[in-house]
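Enquirer: With chain A held as given, fit chain B onto it using these hints.
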Amino acid sequence: MSELPQRQTDIGPPHYSKFLPPVIKENYGKWKYHEILSAGVMVHVAESGAKIWSVRVASPRLVSTDFIRDICEIADKYCDGHLRFTTRHNVEFLVSDESKVEPLVNELKEKGYMIGGIGDRISNVVHTQGWVHCHSAATDASGLVKALMDELHEYFHTKELPAKVRLAVACCVNMCGAVHCSDIALVGVHKTPPRIEHDKVKNLCEIPSTVASCPTSAISPDPAKKSVKIKLEKCMYCGNCYSVCPAMPIADPKNDGVAIVVGGKVSNLRSNPMFSKLAVPWLPNNPPRWPEVVDAVKTILNAYIEGARKHERLGEWVERIGWEKFFKVTGLPFKMQHIDDFTFARETWRMAATFKW
Amino acid sequence: MSQKHETPLLDELEKGAFPSFVKEIKRAAEHSEYAQDLLGQLELSYKEKVTHWKHGGIVGVRGYGAGVIGRYSDVPDKFPGVAHFHTVRVNQPAGFFYTTDALREICDIWDKYGSRLTNMHGSTGDIILLGTKTENLEPVFAELSSRGWDLGGSGSAVRTPSCCVGPARCEWSCYDTLELTYQITQRFQDELHRPMFPYKFKFKMAGCAVDCIASIARADMSIIGTWKGNIQIDQEEVRNYAKNGMDIQAEIVDMCPTGCMSWDGNELKINDEDCNRCMHCIAKMTKALRQGEEKGATILLGSKAPIVTGALMSWVIVPFIKLEPPYEELFDLVERIWEFWDEHGKNRERVGELIERMGFPVFLKETGLEPHPAMVKEPRRDPFFFWSEEDIEK
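Chain order of the listed sequences is A and B. Here the numbering used here is used: the first residue of the first sequence is 181, the next is one more, and so on. Here the numbering used here is used: the first residue of the second sequence is 3, the next is one more, and so on.
Isolated chain A (complex conformation):
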């Protein structure tokens, strides 16, 4: 490989200013307001009167270099070679010339891109790697997103909701991505404890750190076997021990599944940021389309559309009507698993005599 160029270290990323369109450079920090023109087009207007149009399209996030070359070709034609990605993995074409907006939209439609995701809609789904690339995944992520959005895509490109609905998918309880603060999120969960491969523990694992990794102190050393043992009744299947010790696999195809958590938000608009709370403790992994999971999400979304006031996020709607009513209007069964018995449990119990029948 003698033809390789000279490597450099610790140079950091290129400075963003190299990539900004001229209209952004000229009006950096001097934007005055913006308007949403359609589900996938918005315009930002600067104090100078200059404008930039952003045209947003959906992306599966897992994309080939061919996909990137395709969007580059489009950006060359309409955006003088400028584009960006959003924090939720949408693609945004940045147009400085108003006359190019409509032709761009037309070409995107012709080529089958899904334009939308702006305003009170469902934007791209933040998600993790799943079976595509992760060792600790209890479910797939890309497949769940695809199955879900094939059913909900109208809320991306056309229909409006009472407020934004942020969907997210995490393939295990590590929750890479902000799943724990999303309006509706799916998370891969285990239902059974890890199995200990005693013959491998001594070569692959450090026993003290494996013992320390357990949040419920269910793991202790097993000196006779030069391994560890688990108090099964204490294990809550988080899989943290497996992250530390590869000889404790926890994946269980028959029992791994998907939980649904709802009502989280990160913005401070109106109400404070909120964690998502458990709506459905477990549904089966049923690839490729996870029909039980998709149905449950639709049930929750429809109840929200029916009941929420304008601008009310899902969590704000539930707080207003009460969780007891949430279970009533969605028809989701309330189970033992819904009652918290972990770190923040006490804060979640009802210390009042007021609730709805």
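Mixed in with the good hints there might be a few duds.
[To be verified] Pairs of lysine-lysine residues, derived as BS3-like cross-links and limited to a Cα-Cα distance of at most 27 Å, are as follows:
{"id": "1", "chain 1": "B", "residue 1": "LYS25", "chain 2": "A", "residue 2": "LYS289"}
{"id": "2", "chain 1": "A", "residue 1": "LYS205", "chain 2": "B", "residue 2": "LYS324"}
{"id": "3", "chain 1": "B", "residue 1": "LYS56", "chain 2": "A", "residue 2": "LYS371"}
{"id": "4", "chain 1": "B", "residue 1": "LYS286", "chain 2": "A", "residue 2": "LYS210"}
{"id": "5", "chain 1": "B", "residue 1": "LYS56", "chain 2": "A", "residue 2": "LYS434"}
{"id": "6", "chain 1": "B", "residue 1": "LYS56", "chain 2": "A", "residue 2": "LYS380"}
{"id": "7", "chain 1": "A", "residue 1": "LYS515", "chain 2": "A", "residue 2": "LYS414"}
{"id": "8", "chain 1": "A", "residue 1": "LYS339", "chain 2": "B", "residue 2": "LYS245"}
{"id": "9", "chain 1": "A", "residue 1": "LYS205", "chain 2": "B", "residue 2": "LYS289"}
{"id": "10", "chain 1": "B", "residue 1": "LYS245", "chain 2": "A", "residue 2": "LYS212"}
{"id": "11", "chain 1": "A", "residue 1": "LYS212", "chain 2": "B", "residue 2": "LYS289"}
{"id": "12", "chain 1": "B", "residue 1": "LYS56", "chain 2": "A", "residue 2": "LYS405"}
{"id": "13", "chain 1": "A", "residue 1": "LYS257", "chain 2": "B", "residue 2": "LYS25"}
{"id": "14", "chain 1": "A", "residue 1": "LYS198", "chain 2": "B", "residue 2": "LYS114"}
{"id": "15", "chain 1": "B", "residue 1": "LYS289", "chain 2": "A", "residue 2": "LYS280"}
{"id": "16", "chain 1": "A", "residue 1": "LYS411", "chain 2": "B", "residue 2": "LYS56"}
{"id": "17", "chain 1": "B", "residue 1": "LYS17", "chain 2": "A", "residue 2": "LYS339"}
{"id": "18", "chain 1": "B", "residue 1": "LYS17", "chain 2": "A", "residue 2": "LYS291"}
{"id": "19", "chain 1": "A", "residue 1": "LYS212", "chain 2": "B", "residue 2": "LYS286"}
{"id": "20", "chain 1": "B", "residue 1": "LYS135", "chain 2": "B", "residue 2": "LYS114"}
{"id": "21", "chain 1": "B", "residue 1": "LYS202", "chain 2": "A", "residue 2": "LYS344"}
{"id": "22", "chain 1": "B", "residue 1": "LYS17", "chain 2": "A", "residue 2": "LYS289"}
{"id": "23", "chain 1": "B", "residue 1": "LYS286", "chain 2": "A", "residue 2": "LYS490"}
{"id": "24", "chain 1": "A", "residue 1": "LYS515", "chain 2": "A", "residue 2": "LYS478"}
{"id": "25", "chain 1": "B", "residue 1": "LYS289", "chain 2": "B", "residue 2": "LYS324"}
{"id": "26", "chain 1": "A", "residue 1": "LYS457", "chain 2": "B", "residue 2": "LYS202"}
{"id": "27", "chain 1": "A", "residue 1": "LYS457", "chain 2": "A", "residue 2": "LYS536"}
To be clear, the hints were calculated from the coordinates, so they are not data collected in a lab.
Expert: Frame of chain A; chain B shown alone:
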């Protein structure tokens, strides 16, 4: 090349309206053995309902302890193309802006050495180059770094900082999120590339309380733009919103969490002393309302996902800070926080969990921060508080 493995389950996910990741893997597979065998292995996972990736493995590029995630198949005999399938994290430009030339440059390198598959972007913000062999890591790094690209963070290190679109294309950004992201990344290159902490440390820069980067939920340090001073009102534009069908009483005034607004059908009044700067009214009336003029940020600390003892959101440690280059006040604070974490943190303990364990007052004392009512929702309920030597009469 023609498809090597049958994929009846995955083929189902080529159908439907939303863009398909299966189509993308198949496009890559036209030219890539990696993608061919990825399809095969993924189909097997769909059939068996279980992952076929083995636990990590330490691989990387010379001189770095971060930026590459080792990944090996547990069925390499069946799918030799993904026997090694390591991820390269490339530090994205702040704000996720690109020129097409820059993107093509990365694609060219990845077509030559990798799977032709990417995530644009990963959850933390990096450009994810998904899958290559161990022997290709050095060449990929040489090709990238000689063209001005560098790797991001992984493991117990500073993770690649990221930010919202900021002042580049948003009127609400109260500080320059892109420049601060760039400066933090440059300042802490060593901490980013050579893991030396008890666990990961994430920075996320949000220009305002809308928090489009979800900093409060998933950054150890969440820097959220805010302001002091009165919200600036253009009454004519307020009346235009009313004329165009907005119910200002119901949608704005009644939804204000502090009840600091009133509307008489002609004029909108705000009692700014009672405003908590949640951004609802400004976000709904972008043309009529603008933030107060003294801009800065609130610094919050400690958020993390639920592993292991439950999720945390970041909480206020500095109510207001002006953020302008060279950001020395902020960098000093970061160093003091890391010293505290370094001194007391256990292996795999995030800084938020450490503060919970040690106590917020201990953290404030050791990092030299003054207590402020903005740091708490309410004062303590119990009477069990500590005093120090100098508080005691002898």
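Enquirer: Check the hint pairing LYS212 of chain A with LYS286 of chain B against an upper bound of 27 Å on the C-alpha distance.
Expert: This hinted pair holds, its Cα atoms lying about 14 Å apart.
Enquirer: Is it true that the CA of LYS286 of chain B sits at most 27 Å from the CA of LYS210 of chain A?
Expert: With a Cα-Cα distance of about 19 Å, the restraint between LYS286 of chain B and LYS210 of chain A holds, given a limit of 27 Å.
Enquirer: Would the pair LYS205 of chain A and LYS324 of chain B pass a check requiring their Cα atoms to be no farther apart than 27 Å?
Expert: 23 Å, holds
Enquirer: With a cut-off of 27 Å on the C-alpha distance, tell me whether LYS17 of chain B and LYS339 of chain A pass.
Expert: At roughly 22 Å apart (the allowed maximum being 27 Å), LYS339 of chain A and LYS17 of chain B satisfy the hint.
Enquirer: For the pair we were handed, LYS198 of chain A and LYS114 of chain B, check the Cα-Cα distance against 27 Å.
Expert: Answer holds: LYS198 of chain A to LYS114 of chain B is near 25 Å, not above 27 Å.
Enquirer: Keeping to a limit of 27 Å between CA atoms, is the pair of LYS257 of chain A and LYS25 of chain B held or broken?
Expert: Judged against 27 Å, a Cα distance of about 24 Å means the pair holds.
Enquirer: Starting from LYS202 of chain B, check that the Cα of LYS344 of chain A is at most 27 Å away, please.
Expert: 30 Å, violated
Enquirer: Regarding the pair LYS212 of chain A and LYS289 of chain B, is the alpha-carbon distance no greater than 27 Å?
Expert: 8 Å, holds
Enquirer: Taken at face value, is the distance from the CA of LYS289 of chain A to the CA of LYS17 of chain B at most 27 Å?
Expert: 18 Å, holds
Enquirer: Check the hint pairing LYS56 of chain B with LYS380 of chain A against an upper bound of 27 Å on the C-alpha distance.
Expert: 14 Å, holds
Enquirer: CA of LYS17 of chain B to CA of LYS291 of chain A, is that 27 Å or under?
Expert: Holds, at about 16 Å.
Enquirer: Do the alpha carbons of LYS25 of chain B and LYS289 of chain A lie within 27 Å of each other, as the hint requires?
Expert: Cα-Cα ~18 Å, so holds.
The structure fails hint 21 only (numbered hints given earlier).
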